[in-house]
Amino acid sequence: MQRRPGISRTIFIIALVVVAAVSGVTGYLVNGFLHPPAAGETLNGAGATFPYPFLSAVANNYSRIHPNIQVNYQAIGSGAGIKALGAKTVDFAASDAPLSAAQIAALPAAALHIPETIGAVVVAYNLSGILTGLNLNSTTIARIFQGNITMWNDPRIQALNPSLTLPAQQILVVHRSDGSGTTFVFSGYLNTAATGVWVLGQATSIAWPVGIGAFGNQGVAGPLLGTHYTIGYVELAYALTNSAMTYGFVRNHDNTTFVKPSLANVTYAAQNATAAPVTLPEGNQSWASVNLLNAKGLESYPIVSFTYLLVYRELSIVPGMTLDKAKALVDFLWFVVHNGQAQASPLAYVPLPAGTVAIDERSVESITFNGQTLPT
Amino acid sequence: MGETRRMGQLRRPTSDDIFVIQSGIFASAIIVVLVLTGYVLVSGSVPVWSKFGRGFLTGTTWSPVKEVFGALPYILGTIVTSLIAIAIGVPLSIGVAIFLSEMAPHAIRAAGSGVLGGLIRTMLRILSSGIELLAAVPSVIYGLWGLFVFRFWVLDYVETPLSKYLGSVPVFSGTPFGLDILTAGLILAIMIIPTVSAISREVMTAVPLAQREAAYSIGATRWEVIRISVLGYARSGIFGAAILGLGRAVGETMAVTMVIGNAIGAQAIPSSLFRPGQTMSSLIANEFNEADPTSLHPAALIGVGLVLFMFAITINVLAQLLVWRVLKIKSGSVE
Amino acid sequence: MSNQSVREFKDWLAFIIGGVCVILAMIPLLSILADVVLRGLPALNLEFLTSGPGVIGQPGGGIANSIEGSLILVGLTCLMGVPLGVISGIFLSEFGDNKYGRFIRFLNDVLSEFPSIVVGILAYSFVVLTVGSFSTIAGAIALSIIMMPIVTRATEESLKLVPSSIRDAAAALGIKKWRSTLSVVLSTGRNGVVTGVLLAIARIAGETAPLILTVLGSQLFFSGLTKPVDALPLRIYRLALLPYASAQQQGWGAALVLIAIVLTLNIGVRLATRGRMSSVRS
Numbered sequence: 001m002q003r004r005p006g007i008s009r010t011i012f013i014i015a016l017v018v019v020a021a022v023s024g025v026t027g028y029l030v031n032g033f034l035h036p037p038a039a040g041e042t043l044n045g046a047g048a049t050f051p052y053p054f055l056s057a058v059a060n061n062y063s064r065i066h067p068n069i070q071v072n073y074q075a076i077g078s079g080a081g082i083k084a085l086g087a088k089t090v091d092f093a094a095s096d097a098p099l100s101a102a103q104i105a106a107l108p109a110a111a112l113h114i115p116e117t118i119g120a121v122v123v124a125y126n127l128s129g130i131l132t133g134l135n136l137n138s139t140t141i142a143r144i145f146q147g148n149i150t151m152w153n154d155p156r157i158q159a160l161n162p163s164l165t166l167p168a169q170q171i172l173v174v175h176r177s178d179g180s181g182t183t184f185v186f187s188g189y190l191n192t193a194a195t196g197v198w199v200l201g202q203a204t205s206i207a208w209p210v211g212i213g214a215f216g217n218q219g220v221a222g223p224l225l226g227t228h229y230t231i232g233y234v235e236l237a238y239a240l241t242n243s244a245m246t247y248g249f250v251r252n253h254d255n256t257t258f259v260k261p262s263l264a265n266v267t268y269a270a271q272n273a274t275a276a277p278v279t280l281p282e283g284n285q286s287w288a289s290v291n292l293l294n295a296k297g298l299e300s301y302p303i304v305s306f307t308y309l310l311v312y313r314e315l316s317i318v319p320g321m322t323l324d325k326a327k328a329l330v331d332f333l334w335f336v337v338h339n340g341q342a343q344a345s346p347l348a349y350v351p352l353p354a355g356t357v358a359i360d361e362r363s364v365e366s367i368t369f370n371g372q373t374l375p376t
Numbered sequence: 001m002g003e004t005r006r007m008g009q010l011r012r013p014t015s016d017d018i019f020v021i022q023s024g025i026f027a028s029a030i031i032v033v034l035v036l037t038g039y040v041l042v043s044g045s046v047p048v049w050s051k052f053g054r055g056f057l058t059g060t061t062w063s064p065v066k067e068v069f070g071a072l073p074y075i076l077g078t079i080v081t082s083l084i085a086i087a088i089g090v091p092l093s094i095g096v097a098i099f100l101s102e103m104a105p106h107a108i109r110a111a112g113s114g115v116l117g118g119l120i121r122t123m124l125r126i127l128s129s130g131i132e133l134l135a136a137v138p139s140v141i142y143g144l145w146g147l148f149v150f151r152f153w154v155l156d157y158v159e160t161p162l163s164k165y166l167g168s169v170p171v172f173s174g175t176p177f178g179l180d181i182l183t184a185g186l187i188l189a190i191m192i193i194p195t196v197s198a199i200s201r202e203v204m205t206a207v208p209l210a211q212r213e214a215a216y217s218i219g220a221t222r223w224e225v226i227r228i229s230v231l232g233y234a235r236s237g238i239f240g241a242a243i244l245g246l247g248r249a250v251g252e253t254m255a256v257t258m259v260i261g262n263a264i265g266a267q268a269i270p271s272s273l274f275r276p277g278q279t280m281s282s283l284i285a286n287e288f289n290e291a292d293p294t295s296l297h298p299a300a301l302i303g304v305g306l307v308l309f310m311f312a313i314t315i316n317v318l319a320q321l322l323v324w325r326v327l328k329i330k331s332g333s334v335e
Numbered sequence: 001m002s003n004q005s006v007r008e009f010k011d012w013l014a015f016i017i018g019g020v021c022v023i024l025a026m027i028p029l030l031s032i033l034a035d036v037v038l039r040g041l042p043a044l045n046l047e048f049l050t051s052g053p054g055v056i057g058q059p060g061g062g063i064a065n066s067i068e069g070s071l072i073l074v075g076l077t078c079l080m081g082v083p084l085g086v087i088s089g090i091f092l093s094e095f096g097d098n099k100y101g102r103f104i105r106f107l108n109d110v111l112s113e114f115p116s117i118v119v120g121i122l123a124y125s126f127v128v129l130t131v132g133s134f135s136t137i138a139g140a141i142a143l144s145i146i147m148m149p150i151v152t153r154a155t156e157e158s159l160k161l162v163p164s165s166i167r168d169a170a171a172a173l174g175i176k177k178w179r180s181t182l183s184v185v186l187s188t189g190r191n192g193v194v195t196g197v198l199l200a201i202a203r204i205a206g207e208t209a210p211l212i213l214t215v216l217g218s219q220l221f222f223s224g225l226t227k228p229v230d231a232l233p234l235r236i237y238r239l240a241l242l243p244y245a246s247a248q249q250q251g252w253g254a255a256l257v258l259i260a261i262v263l264t265l266n267i268g269v270r271l272a273t274r275g276r277m278s279s280v281r282s
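These protein sequence lines map, in sequence, to chains A, B and C. Those letters in the first sequence? Residues 1 to 376, by our numbering. Those letters in the second sequence? Residues 1 to 335, by our numbering. Those letters in the third sequence? Residues 1 to 282, by our numbering.
The hints are simulated quantities; they were obtained by calculation from the structure and are not laboratory data. Certain hints may be false.
[Claimed, not checked] Simulated coverage check for chain C against chain A, where a stretch passes if three residues somewhere in it have a Cβ under 8 Å from a Cβ of chain A:
1. 131 to 145
2. 206 to 219
3. 222 to 229
[Stated by the list, open to error] In silico EDC-like cross-links for lysine to aspartate or glutamate, where the CA-CA straight-line distance does not exceed 16 Å:
4. C:177 / B:292
5. A:88 / A:314
6. C:176 / B:17
7. A:88 / B:17
8. C:177 / B:16
9. C:176 / B:16
10. C:10 / B:224
Cβ atoms here follow ideal geometry from the backbone N, Cα and C, with glycine treated the same way.
Taking the hints into account, I'd like the entire structure generated from these sequences.
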């Protein structure tokens with residue numbers, strides 16, 4: 001019986017080499033060749049998708065100045081970030097929503113809220129022929145996202161926009177499918193400003209009666225850009241940096257005008273909301289009642305919020321934490337609230353007001369490792 | 001070779017015995033994996049079963065905040081998308097299998113040797129490889145393609161016309177937007193074609209020559225031979241192939257997550273093909289990383305995983321039994 | 001119209017319909033390949049392949065860390081999955097002709113079509129929670145659970161094709177069974193084993209769902225077995241969802257790299273075993 005050889009020994013050896021080449025050995029060596037291993041620290045963080053572009057830019061800048069410290073941030077949603085912090089699998093978390101009393105109680109140790117920047121939630125839509133500037137108010141927004149208003153040419157929307165011709169098309173709502181601080185802020189606004197109409201409450205995860213769910217701010221922006229007749233809510237930064245995105249003006253708290261979500265108007269709102277007699281809590285206190293929503297003032301955009309970095313006050317609780325790493329983390333946090341703020345505006349984020357920076361300074365200075373305070 | 005054995009004493013283990021035992025231990029790893037999986041899924045989901053009992057399977061509210069969990073919408077989502085996949089994918093696969101295994105060889109023979117025959121032979125080989133390469137494409141790339149390309153095809157060429165003419169039928173109600181249950185089902189249909197068609201082909205080629213020859217001898221056409229002899233004989237094997245395809249569709253995660261629209265709770269009930277939905281596997285992929293461990297949420301997700309596990313095991317066991325029965329003739333070592 | 005011509009017409013109709021089915025099935029493959037190449041090629045340049053991610057939303061940066069992560073994950077997975085799979089396959093083919101062997105074989109087939117997300121849950125519960133963080137090792141363990149049944153099946157089938165005359169000859173020479181199995185039989189059946197391993201590698205290189213639950217993803221290059229790591233399919237998933245055109249293009253670029261690797265392995269295997277009787281049911 002003649003046995004026809006399938007693959008020769010040479011090809012077999014080549015195949016083995018291919019397998020070996022595909023193996024981690026080569027991968028590891030190649031990495032070592034192109035990027036010598038950083039003899040330094042890696043800081044791991046996870047959480048909100050909103051501050052992702054900001055954190056990414058600040059971390060990039062920071063690593064350029066301190067090449068031995070690298071920051072790895074995974075934008076997996078506020079909820080997942082808080083969970084990771086509780087599980088101590090990250091060094092810091094980021095969330096648009098402050099920790100609730102239950103979440104604070106569930107953490108293994110005391111954590112600090114460190115507001116890192118200010119953002120706003122924008123109501124974006126995709127209507128051909130209609131540019132940015134659709135007028136909306138809180139009750140109309142509430143009705144749209146609850147499914148009470150289903151058509152674009154509904155008289156209630158039309159009444160706010162007498163000069164526009166709205167299409168006779170069904171509205172497709174796009175919302176978040178993950179536990180989101182952006183949802184928390186958006187639903188908080190509707191809860192406060194549309195009481196009586198909005199019945200779904202304020203939470204990071206809402207039982208939306210209509211619409212499609214998407215993962216992350218980036219997931220919502222996708223369908224908004226790609227599908228007609230959609231409406232959704234995204235953070236300001238995603239809307240401003242995407243020239244194709246069209247978004248609406250929202251009625252202000254004073255009920256005098258429709259306010260455009262711009263950096264200036266959001267800054268104005270933040271300042272109004274943090275001015276006396278309002279006092280913000282310290283980093284180690286609860287921020288659950290803090291909100292910058294519905295601020296007074298002519299040009300105050302009403303859907304504004306802090307976004308927070310969350311970190312344990314006593315860092316030794318995180319496995320793998322060393323003194324050097326703790327110092328690096330503190331240094332990075334200090335950078336974020338000082339030099340990093342200069343990177344905010346170009347990326348369509350609002351820098352922190354001076355009073356908030358002062359609170360953050362006190363918080364960062366209070367971070368300890370094994371009881372030892374760390375230099376800032 | 002024979003060592004005299006004293007009564008009551010075990011033979012000293014030889015190196016061969018050790019080899020059998022060692023390799024047997026490695027092979028048993030699979031039992032360990034399956035048992036561990038069952039253990040993790042059951043023990044991890046106990047809190048939800050004790051709180052909701054059977055209500056977990058029949059409830060439709062899914063609220064991590066209020067800690068009320070009902071998995072029915074997702075179970076239905078998995079069932080509906082998989083059924084769409086089978087309904088579209090299996091006939092296509094059988095068509096492919098018939099063409100490549102029965103009709104094509106005839107075409108080759110008819111074309112004879114020479115340029116035309118060689119051309120047809122090469123083309124058929126390419127087609128056959130092409131179908132199998134469909135299986136090699138990773139799921140996430142199907143999802144990427146589905147998200148940016150396929151969903152617009154479905155929207156423009158399938159959903160919009162269906163909505164225009166049959167919009168009053170409940171199953172086609174609602175304005176279609178492309179990211180919905182139908183698109184997910186159709187992508188699954190494409191993904192199961194390689195598996196179902198390959199096994200159908202194996203099963204069809206396993207039909208003994210005598211069956212076919214008998215039909216040819218009485219003057220049956222090619223199609224009649226297939227219809228009478230091959231399909232009838234291979235029926236249970238093809239059925240098994242379809243069940244295997246069902247198993248693949250049920251377990252598919254990434255492609256589905258990217259095109260199904262990610263609805264939650266009662267909104268996810270597949271009342272219309274044009275509504276966004278959610279399957280058991282896409283739900284877990286979306287929510288697992290953020291499920292707060294101090295709440296019931298992770299247990300609920302693991303409970304959904306358990307249901308998925310049971311589905312997959314039942315379907316796969318059924319499929320293996322069916323396919324084995326037909327292939328028993330063909331499989332086995334060549335001595 | 002005569003009965004004969006009706007029957008012949010039906011015959012032709014069946015042929016055409018069959019052909020149409022094949023064409024319909026091929027369209028997605030061609031479309032995917034075309035889209036991946038057309039949309040992904042513009043993203044490919046040296047920086048894309050050799051540097052880590054830049055600032056998101058801005059052009060620049062690359063997927064080198066994802067490629068590296070995938071390579072390392074595949075390597076680790078092979079380290080665990082290949083010996084496990086090959087030796088299990090040897091057991092099934094040489095000593096598996098009994099009830100226990102049939103049982104194991106059955107379970108093996110059941111596990112090979114398993115929902116990968118459930119494997120992810122298993123690896124999360126046992127490895128991520130034990131190690132205390134999302135980690136490379138967790139991902140590798142999840143992937144090796146997926147790889148094992150494929151390699152076992154391939155090994156068993158190719159060893160079964162080795163004629164018993166070889167085993168008999170070895171026994172006649174007095175070689176111990178374990179020795180002859182490992183040296184002679186395995187060597188003779190190596191084609192099928194290599195085929196199976198390469199196909200398994202192609203499969204796990206594209207797995208995403210278990211990685212979401214086990215390695216999390218990372219902006220950085222490989223930083224340790226117990227730290228998160230990035231991987232190509234994971235990266236594609238995350239990039240696809242970003243609303244920035246530059247990020248989406250990078251996603252297609254990464255998809256191009258992944259599909260190039262996977263298809264090269266598959267087509268290579270196909271070409272190398274052309275004409276052989278041995279087949280591996282993937």
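Each hint tested on the structure:
For the segment 131 to 145 of chain C, the proposed coverage by chain A is satisfied: 3 residues have a C-beta within less than 8 Å of a C-beta in that chain, meeting the threshold of three. Evaluation of the coverage hint for the segment 206 to 219 of chain C: fulfilled, as 4 residues show C-beta separations to chain A shorter than 8 Å, against a requirement of three. Under a criterion of three residues with beta carbons nearer than 8 Å to beta carbons of chain A, the stated coverage of the segment 222 to 229 of chain C is upheld, 4 such residues being counted. At roughly 54 Å between alpha-carbon atoms, residue 177 (chain C) and residue 292 (chain B) are farther apart than 16 Å, so this suggested pair is violated.
Only pairs whose Cα atoms come within 16 Å are accepted, and residue 88 (chain A) paired with residue 314 (chain A) is accepted, the gap being roughly 12 Å. As the CA atoms of residue 176 (chain C) and residue 17 (chain B) are separated by approximately 10 Å, the hinted pair is consistent with the 16 Å bound. This hinted pair does not check out: residue 88 (chain A) and residue 17 (chain B) have alpha carbons roughly 48 Å apart, beyond 16 Å. Only pairs whose Cα atoms come within 16 Å are accepted, and residue 177 (chain C) paired with residue 16 (chain B) is accepted, the gap being roughly 6 Å.
Between residue 176 (chain C) and residue 16 (chain B) the alpha-carbon distance is near 7 Å, which keeps this suggested pair within the 16 Å criterion. A threshold of 16 Å between alpha carbons decides the hint, and for residue 10 (chain C) with residue 224 (chain B) the separation of about 9 Å falls inside it, so the pair holds.
Going down the numbered hints, you'll see the structure goes against 4 and 7, while the others check out.
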